[in-house]
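Residue numbers (this note's numbering), protein chains in the order written: chain A, 788 to 998; chain B, 788 to 998; chain C, 788 to 998; chain D, 788 to 998.
Warning: the hint list may mix true and false statements.
The list treats identical chains as one, so a pair stands whether inside a single copy or across any two.
[As the list claims (entries may be wrong)] With a straight-line Cα cutoff of 20 Å, these simulated SDA-like cross-link-like pairs (lysine to any residue) come out: (1) Lys893 / Ala827; (2) Lys893 / Thr835; (3) Lys893 / Leu977; (4) Lys893 / Glu819; (5) Lys893 / Thr820; (6) Lys893 / Ala948; (7) Lys893 / Arg947; (8) Lys893 / His966; (9) Lys893 / Leu815; (10) Lys893 / Glu821; (11) Lys893 / Pro818; (12) Lys893 / Leu826.
None of these hints come from the bench; they were simulated from the model. Since the model is a prediction, treat every value here as computed from it, not as a measurement.
Protein chains: 4
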Amino acid sequence: MTRSDTGRAEAFSDAVIAIVITLLVLELQPPETEPGGLLAALLGQWPTYLAYAASYLYLAVIWLNHKSAFTRIREMDIGLHWSNLGILATLALLPWPTAVIIDTGKTGNLTDERVGVALYAIIGALLCLSWLVFFSHLARHPELTEEEVEDSYFARERPRAAAGVVLYLAAGAVGVLVHPLIASVIFVILPVFYGLTSHGIEHRPTFLRGI
Amino acid sequence: MTRSDTGRAEAFSDAVIAIVITLLVLELQPPETEPGGLLAALLGQWPTYLAYAASYLYLAVIWLNHKSAFTRIREMDIGLHWSNLGILATLALLPWPTAVIIDTGKTGNLTDERVGVALYAIIGALLCLSWLVFFSHLARHPELTEEEVEDSYFARERPRAAAGVVLYLAAGAVGVLVHPLIASVIFVILPVFYGLTSHGIEHRPTFLRGI
Amino acid sequence: MTRSDTGRAEAFSDAVIAIVITLLVLELQPPETEPGGLLAALLGQWPTYLAYAASYLYLAVIWLNHKSAFTRIREMDIGLHWSNLGILATLALLPWPTAVIIDTGKTGNLTDERVGVALYAIIGALLCLSWLVFFSHLARHPELTEEEVEDSYFARERPRAAAGVVLYLAAGAVGVLVHPLIASVIFVILPVFYGLTSHGIEHRPTFLRGI
Amino acid sequence: MTRSDTGRAEAFSDAVIAIVITLLVLELQPPETEPGGLLAALLGQWPTYLAYAASYLYLAVIWLNHKSAFTRIREMDIGLHWSNLGILATLALLPWPTAVIIDTGKTGNLTDERVGVALYAIIGALLCLSWLVFFSHLARHPELTEEEVEDSYFARERPRAAAGVVLYLAAGAVGVLVHPLIASVIFVILPVFYGLTSHGIEHRPTFLRGI
Numbered sequence: 788m789t790r791s792d793t794g795r796a797e798a799f800s801d802a803v804i805a806i807v808i809t810l811l812v813l814e815l816q817p818p819e820t821e822p823g824g825l826l827a828a829l830l831g832q833w834p835t836y837l838a839y840a841a842s843y844l845y846l847a848v849i850w851l852n853h854k855s856a857f858t859r860i861r862e863m864d865i866g867l868h869w870s871n872l873g874i875l876a877t878l879a880l881l882p883w884p885t886a887v888i889i890d891t892g893k894t895g896n897l898t899d900e901r902v903g904v905a906l907y908a909i910i911g912a913l914l915c916l917s918w919l920v921f922f923s924h925l926a927r928h929p930e931l932t933e934e935e936v937e938d939s940y941f942a943r944e945r946p947r948a949a950a951g952v953v954l955y956l957a958a959g960a961v962g963v964l965v966h967p968l969i970a971s972v973i974f975v976i977l978p979v980f981y982g983l984t985s986h987g988i989e990h991r992p993t994f995l996r997g998i
Numbered sequence: 788m789t790r791s792d793t794g795r796a797e798a799f800s801d802a803v804i805a806i807v808i809t810l811l812v813l814e815l816q817p818p819e820t821e822p823g824g825l826l827a828a829l830l831g832q833w834p835t836y837l838a839y840a841a842s843y844l845y846l847a848v849i850w851l852n853h854k855s856a857f858t859r860i861r862e863m864d865i866g867l868h869w870s871n872l873g874i875l876a877t878l879a880l881l882p883w884p885t886a887v888i889i890d891t892g893k894t895g896n897l898t899d900e901r902v903g904v905a906l907y908a909i910i911g912a913l914l915c916l917s918w919l920v921f922f923s924h925l926a927r928h929p930e931l932t933e934e935e936v937e938d939s940y941f942a943r944e945r946p947r948a949a950a951g952v953v954l955y956l957a958a959g960a961v962g963v964l965v966h967p968l969i970a971s972v973i974f975v976i977l978p979v980f981y982g983l984t985s986h987g988i989e990h991r992p993t994f995l996r997g998i
Numbered sequence: 788m789t790r791s792d793t794g795r796a797e798a799f800s801d802a803v804i805a806i807v808i809t810l811l812v813l814e815l816q817p818p819e820t821e822p823g824g825l826l827a828a829l830l831g832q833w834p835t836y837l838a839y840a841a842s843y844l845y846l847a848v849i850w851l852n853h854k855s856a857f858t859r860i861r862e863m864d865i866g867l868h869w870s871n872l873g874i875l876a877t878l879a880l881l882p883w884p885t886a887v888i889i890d891t892g893k894t895g896n897l898t899d900e901r902v903g904v905a906l907y908a909i910i911g912a913l914l915c916l917s918w919l920v921f922f923s924h925l926a927r928h929p930e931l932t933e934e935e936v937e938d939s940y941f942a943r944e945r946p947r948a949a950a951g952v953v954l955y956l957a958a959g960a961v962g963v964l965v966h967p968l969i970a971s972v973i974f975v976i977l978p979v980f981y982g983l984t985s986h987g988i989e990h991r992p993t994f995l996r997g998i
Numbered sequence: 788m789t790r791s792d793t794g795r796a797e798a799f800s801d802a803v804i805a806i807v808i809t810l811l812v813l814e815l816q817p818p819e820t821e822p823g824g825l826l827a828a829l830l831g832q833w834p835t836y837l838a839y840a841a842s843y844l845y846l847a848v849i850w851l852n853h854k855s856a857f858t859r860i861r862e863m864d865i866g867l868h869w870s871n872l873g874i875l876a877t878l879a880l881l882p883w884p885t886a887v888i889i890d891t892g893k894t895g896n897l898t899d900e901r902v903g904v905a906l907y908a909i910i911g912a913l914l915c916l917s918w919l920v921f922f923s924h925l926a927r928h929p930e931l932t933e934e935e936v937e938d939s940y941f942a943r944e945r946p947r948a949a950a951g952v953v954l955y956l957a958a959g960a961v962g963v964l965v966h967p968l969i970a971s972v973i974f975v976i977l978p979v980f981y982g983l984t985s986h987g988i989e990h991r992p993t994f995l996r997g998i
């Protein structure tokens, strides 16, 4: 049996997100050290661990939101496919500015650190923008959603995605104009905040509430 | 429950395309620079960004066409499996000539640039050829397609694939004989053109038209 | 048709575990040698082969346990999703301490070897801890499991996971205080022991017993 | 809905084979050359292209046989899961001796070339052995196969797998005792022969015969 458009888009997205989230963790390598210096070298890598943990959490939140959105989608048109491919393209970019920030942290040049957080802010804003496009398409095409989903459901998801675009750009601006470290802290907090307040997760079936 | 031949071929193809499209994006690395030179280094990489964007678009179009074709396939025989494996083998090759073109662009040797676009043209033509074989097999075996699909459907897909073979080879010839840059521009335009005019996408269910 | 939460979590977990287990094996590279020295170089890599075999076995046991647990799960809530994402995050870390131990084995510095086995013990304990969280969540939420599963089933899985946390930390302590080699041997034995005694495997349908 | 044991084993195997077959092709890199030397460098890599083509064909045949076998499997027990995991472990090893042979071909040391083909022969024999174990398990457990499958079906698959073990070891012996090149040629022919004569492919539904 041929799988439906939704089934294949979900399987394809699962594969893409699984590759990005796994390669992120697999990139951890044993540090090069002089004999006897392993412990210090491992401890000295803590910013890398923090960056990996933050990226893993972010991608996990994205997967949960993706899954949550697709349980409400009955059918896909070509516009929704392209929106989904846009989300996948931008989330696959995330490891790149993450690696740039880790690199600038090592050399400690303030100009480069500003460029690094600006790059991260742009990619983060693009990712929120791709979700905004995705939700807007669904809001304009209620015929694509499951019958039991309220027509206003995906319209109500839009402001949160739009806020994300603004927040990432604002964090980048603060990082460039004030100090890069403030931007880095906001980058870690934003996905946690989005994860905890996710609409898709709040509106789960009644018998699962209060967990 | 064991999945059908179609289901497994789709899942296997999804995994292969997901790996190729994701590793493409993940290959972006922070540039090596002197302190303070990050911004210039990032901006200087623009041909790489363009090449990645073009490759991502191309592979996304291929995935959409693949999905579109398989919604019309009811059953697979060994010939269709091998045609599909041929498509997967050639699309997985795409990052290779892409990387060769990026490399020749960096050194700027005109002889090498001609070789680069010729290689890309050959791989692009092979990819169109593998689709031509795939569509021809389906055109000769209507018993493999879903009942509601017109017998002439896949026969009508053949000229577009055949044109692709000719167009890629012609672009390569122009690149070698006139200037490589012309070929590179055609390589970016071709998949966009194929994406916009895709038969599978035009013939979508009535209620999705006009999106 | 949109896949259920359970279906997507299983597909996503399959993809993550498949990537980790495959990249592990694919990391084997031809050794760099002087002409004529290949045989000696290949034989000299035996600790690497052993480490890969042990890691493959460990991840295979984890996949079997994961599959076994999910045949008993009817529905997922957000807590169970996060527990599952925690298991995936820690199992994807496994190749890292494995590579560290292989590296310390090559240089042969005893201090570094102690750090290596301590790191492995911590990651191994974290992995068992993530299973403990997963089983505890299911034990507290019988409404998530299939009807034919006894309410006490996942509660009875907890002591084995808790024992794993203790055993890994104990092995690490012995490795640091007595000798790292003892810890390495325990790291190879533990997953085999867990594989052979797995609850999920013992309680298989009657007609499959005695295999 | 939780997927059955068979469904998950198929999805997991698809992911592993997709990763191995794709990374194989993706490993092709632009050659490092002096300006103007690209064409010669690309043409000089022909043994690498041949090795990749042969490995791709081999893995494609394995995937087809795997798919073919699983359409006849109704249910999996733990022994069948371990047999399947054994097949996956050995097929993921294939790129390793392939890379070793390519490397020894570059240096051209005859002793190393003998070691290379011997290594390939051992891994090839192990792969056939893992299929032999898989088929034997199914032959002994007819309760695991679909009802319409003859009880003798998997018993009849065993001699071909056993022959593979012998043929790979014989090819390796010829490569070591006579000349490595003879072994390399046999390594390319063997999977083609197995692909063309595959039992699972011969016994396809009547209406697909003669394709």
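Outcome of the hint check:
1. Lys893 / Ala827: both (15 Å within a copy, 19 Å between copies)
2. Lys893 / Thr835: within (10 Å within a copy, 25 Å between copies)
3. Lys893 / Leu977: neither (24 Å within a copy, 38 Å between copies)
4. Lys893 / Glu819: Both: 15 Å inside a copy, 13 Å across copies.
5. Lys893 / Thr820: both (16 Å within a copy, 13 Å between copies)
6. Lys893 / Ala948: Neither: 32 Å inside a copy, 38 Å across copies.
7. Lys893 / Arg947: Classified as neither: same-chain Cα gap 34 Å, cross-chain 42 Å, threshold 20 Å.
8. Lys893 / His966: Within one copy only: 16 Å inside a chain, 35 Å across chains, cut-off 20 Å.
9. Lys893 / Leu815: both (16 Å within a copy, 19 Å between copies)
10. Lys893 / Glu821: Both. Shortest intra-copy (19 Å) and inter-copy (13 Å) distances satisfy the 20 Å Cα cut-off.
11. Lys893 / Pro818: both (14 Å within a copy, 14 Å between copies)
12. Lys893 / Leu826: Answer is both: 18 Å inside a copy and 16 Å across each meet the 20 Å cutoff.
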